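Peer 1: Sequence:
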Amino acid sequence: MANQLRRLFSPSTTPSSANPEQPQRVKALINHLFKIRDPDALVAAFNSASSAHPRFRAAHNIYSSAVRRLTAAGRPDSVRALLEHQKQFPDLHREGFALRLLSLYGTAKLPDDAVATFHQLPSLGCPRSVKSFNALLSACLDSKAFDLMADLFKQIPSEDHSITPSLLSYNILINALCEKPDLDAAFKTLDLIEANGFSPDLVSFNTLLNAFYSNDQVDNAQKVWSLMREKKIEPDTKSFNAKLRWLVSQGRVSEASEIVDSLRKNGPKPDAFSFQALIKGFCEDGKLEEAKRLFTELTESDFVPVHTTFQYLIPRLCDNDEIDLAFKICSESLTKKHFIDANTLQMLVNKLVEGSRMKEAKKLVELGRLNGCSRTNLRMP
2 MANQLRRLFS PSTTPSSANP EQPQRVKALI NHLFKIRDPD ALVAAFNSAS
52 SAHPRFRAAH NIYSSAVRRL TAAGRPDSVR ALLEHQKQFP DLHREGFALR
102 LLSLYGTAKL PDDAVATFHQ LPSLGCPRSV KSFNALLSAC LDSKAFDLMA
152 DLFKQIPSED HSITPSLLSY NILINALCEK PDLDAAFKTL DLIEANGFSP
202 DLVSFNTLLN AFYSNDQVDN AQKVWSLMRE KKIEPDTKSF NAKLRWLVSQ
252 GRVSEASEIV DSLRKNGPKP DAFSFQALIK GFCEDGKLEE AKRLFTELTE
302 SDFVPVHTTF QYLIPRLCDN DEIDLAFKIC SESLTKKHFI DANTLQMLVN
352 KLVEGSRMKE AKKLVELGRL NGCSRTNLRM P
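Take 2 as the starting number for the sequence shown in our numbering and just add one per residue.
Mixed in with the good hints there might be a few duds.
Unchecked claim - In silico SDA-like cross-links for lysine to any residue, where the CA-CA straight-line distance does not exceed 25 Å:
| id | residue 1 | residue 2 |
| --- | --- | --- |
| 1 | LYS189 | ASP220 |
| 2 | LYS189 | ASP202 |
| 3 | LYS155 | SER104 |
It should be emphasised that the hints constitute simulated quantities derived from the structure, not laboratory data. Computed from a predicted model, the values in this text were never measured in an experiment.
All chains should be modelled from the sequences, with the hints used to inform the complete structure.
Peer 2: Have a look at this one:
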């Protein structure tokens, strides 16, 4: 095995492959890394590949995948070893590579390491800018380090006058304050944006709409709608989806349905999340026929259903003894590579087995496994 790894991760020295950037070799490396399960072996192989092949270091997906897997395994030490190894490469002279490292520290929930790396950038040959500042803020947001992020937002621009927060910086701050949640401070950030020469954009307002509706602060949500009209900011589908979700949560499904009808006629067009919210409402309201009709419209509109749509619809169909339709929806959706969670599929598999429909149950298990469900989470009873 050790010899095999050495052959894989060593640059070829034969005349026919003098160029170490061969795409096929890098592709083989990446495919091999996806198969490694041991965290220590993964880090060793990853670092060997990144040292041997500059083209490998441009493969964003494998970096993200490796960090997510190590994080899921509870190995922050391994994440640190992997990312620290990347700091030796000349790629770091380009800010894009630095942004990726900062983002990956956020993925791993290591905000202090992101801060340390940000401060290291000049010594590593990478000048800092508002882009790396925003990447650091996002890493803190992803790590739920809201207080740290607020401190950095004040501290870094005051210490490094080459960095001035952008509108994106303020939108990241609003997002963090909403998640904290400190909704008063989030709303007041709109004034801070204008005081610094910017105008809040649709992202600013949509973030606030989501937060206010999620926290049942409808009066404040109405203030946001008023500000949008005042500033001539046209709402998009996401704006209306925030209100749709709140109406459904309050059992006001008929009003939610009226909004979707209005969006169909006048725009902006409803999307998969609009349908998901309304299907949930119909299912909870006992209006299964309406939910089925809406799901048909959703699929005929070439939208990919949000995975929670199946969580609402399939159990209701099973409870209503509409097993044929539930099976048809799940099998067709899985064939199209739409994600359905294992619990929903297992419930339908159990129903099929109860009805002695073994062939269909086995087919559903096979399709589920082809779509990422493990043998532990999805199996024949």
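Peer 1: Look at each hint and say if it fits the structure.
Peer 2: Here is how each hint holds up against the structure:
1. LYS189 / ASP220: holds (15 Å)
2. LYS189 / ASP202: holds (15 Å)
3. LYS155 / SER104: holds (20 Å)
Checked against the numbered hints above, the structure breaks none of them.
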